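> Spelled out, the chains give:
Number of protein chains: 2
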Amino acid sequence: MTPRIRRATRDDVAAIVGLLADDPLGAAREDTGDLTAYLSAFDRIDADPAHALVVLDDGVVVGTLQLTLLPGLSRQGATRAQVEAVRVTSTHRGQKLGELLVQWAVDEARRRGADVVQLTTDASRTDAHRFYERLGFVASHVGMKLSLV
Amino acid sequence: MTPRIRRATRDDVAAIVGLLADDPLGAAREDTGDLTAYLSAFDRIDADPAHALVVLDDGVVVGTLQLTLLPGLSRQGATRAQVEAVRVTSTHRGQKLGELLVQWAVDEARRRGADVVQLTTDASRTDAHRFYERLGFVASHVGMKLSLV
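First to last, the protein sequences are chains A and B. Residue 135 in this note's numbering is what sits at position 135 of the first sequence, and the numbering runs on without skipping anything. Residue 136 in this note's numbering is what sits at position 136 of the second sequence, and the numbering runs on without skipping anything.
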């Protein structure tokens, strides 16, 4: 059976946080012991139709992705579709589940009238760069961050 | 007199598009002859409190920036503040107006509870990379784009 992509619910938050923490970079950044901040963030995401937070459901949650539609003036008023927080559980890698998730995001972005799909990946994630390049993404930009905390 | 940063209005759209087109990359991407798509995008931005589209007003519009607050689950439910479409008119460069705009965005992001400010710049804009690094940004990510048009 192929896992299906569906909208995340509040009941999925613990599983999504588990996926975010199951990662070399995420392990140091997440706190799976207290879901309060995650649930509050989920409510903000879920209330705004600009966002689509989805899970890949294979009986249990095995993947997640957040898509956000961003209107802008540049490129003749182009709408950007931004992909964040793509994760597939480590026990299910090599099964093309990442492709399934990202292809869903690209199709959904097109369906909602976006002109470009964009994302950033940590410079250390060289496997991820090759993965996105195989799906047609071009590494044309530098992603810069300023932490406020 | 120091130029002031204020929320953009519909009447500013022509000037903002002029700024977007006054740029080596933007010149090929923008169409200053027909504002229809830009005005429609402006209305979408203006209607959503997640966005702040501002101009730098020096009697005339000499700069622009779009800030968007993005809730997310990762990093313990961190809110990201994304900066897009930063431009300063070519006749006013070297006057620290870019710093003024970006510092406003950082302050506004902090005021609205964001944990990180993020942006991408075209890999060819090496001056921009140095500019953002001077303001404390770290070039930690690769920005990838997939065009749908």
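Don't take every hint at face value.
Unchecked claim - The list that follows gives simulated cross-link-like pairs (lysine to aspartate or glutamate, EDC-like), each with its CA atoms no further than 20 angstroms apart:
hint, chain 1, residue 1, chain 2, residue 2
1, A, 145, B, 22
2, B, 145, A, 43
3, A, 96, A, 46
Stated by the list, open to error - Far from chain B, by Cβ distances over 10 angstroms, these chain A residues were calculated:
hint, residue
4, 5
5, 22
6, 90
7, 94
8, 122
What the hints assert, rightly or not - Some chain A residues flagged as far from chain B (calculated, every beta-carbon gap over 12 angstroms):
hint, residue
9, 2
10, 6
11, 64
12, 70
13, 79
14, 91
15, 93
16, 96
Keep in mind the hints are simulated off the structure, nothing from the lab. Since we're looking at a predicted model, the values are computed, not measured. For each residue, glycine too, the CB sits at the ideal point set by N, CA and C.
> Are the hints correct? Go through all of them and say.
Right, here's what the structure says about each hint:
Between residue 145 of chain A and residue 22 of chain B, the direct Cα distance comes to roughly 26 angstroms. Violation of the 20 angstroms bound is thereby established for this hinted pair. For a cut-off of 20 angstroms, the pair hint linking residue 145 of chain B to residue 43 of chain A is broken: about 28 angstroms separates their Cα positions. With a C-alpha separation of about 27 angstroms, the suggested pairing of residue 96 of chain A with residue 46 of chain A is violated against the 20 angstroms cut-off. The claim that residue 5 of chain A is not at the interface with chain B holds, since no C-beta of that chain comes within 10 angstroms of its own (minimum 17 angstroms).
For residue 22 of chain A, the condition that its CB be more than 10 angstroms from all CB atoms of chain B holds, with the nearest at approximately 12 angstroms. Every C-beta of chain B lies more than 10 angstroms from that of residue 90 of chain A, the closest at about 16 angstroms, which supports listing it as non-interface. Every CB of chain B is more than 10 angstroms from the CB of residue 94 of chain A (nearest about 22 angstroms), matching its label as outside the interface. Look at residue 122 of chain A: its CB is around 6 angstroms from the nearest CB on chain B, not clear of 10 angstroms, so calling it non-interface is violated.
Against chain B, the non-interface label of residue 2 of chain A holds: every CB pair exceeds 12 angstroms, the least being about 23 angstroms. No beta-carbon of chain B is positioned within 12 angstroms of the beta-carbon of residue 6 of chain A; the least distance is around 16 angstroms. Listed as a non-interface residue, residue 64 of chain A fails to keep its Cβ farther than 12 angstroms from every Cβ of chain B; the least gap is roughly 8 angstroms. Against the 12 angstroms criterion, residue 70 of chain A falls within the reach of chain B, whose nearest CB is about 6 angstroms from its own CB.
A beta-carbon of chain B comes within 12 angstroms of the beta-carbon of residue 79 of chain A; the shortest separation is about 7 angstroms. Annotated as non-interface, residue 91 of chain A keeps its C-beta farther than 12 angstroms from every C-beta of chain B; the closest such distance is 20 angstroms. Interface exclusion of residue 93 of chain A from chain B stands, the closest Cβ pair being 19 angstroms apart, more than 12 angstroms. Taking the minimum C-beta to C-beta distance to chain B, about 18 angstroms, the non-interface status of residue 96 of chain A holds against the 12 angstroms cut.
Checked against the numbered hints listed earlier, the structure breaks hints 1, 2, 3, 8, 11, 12 and 13; every other hint is satisfied.
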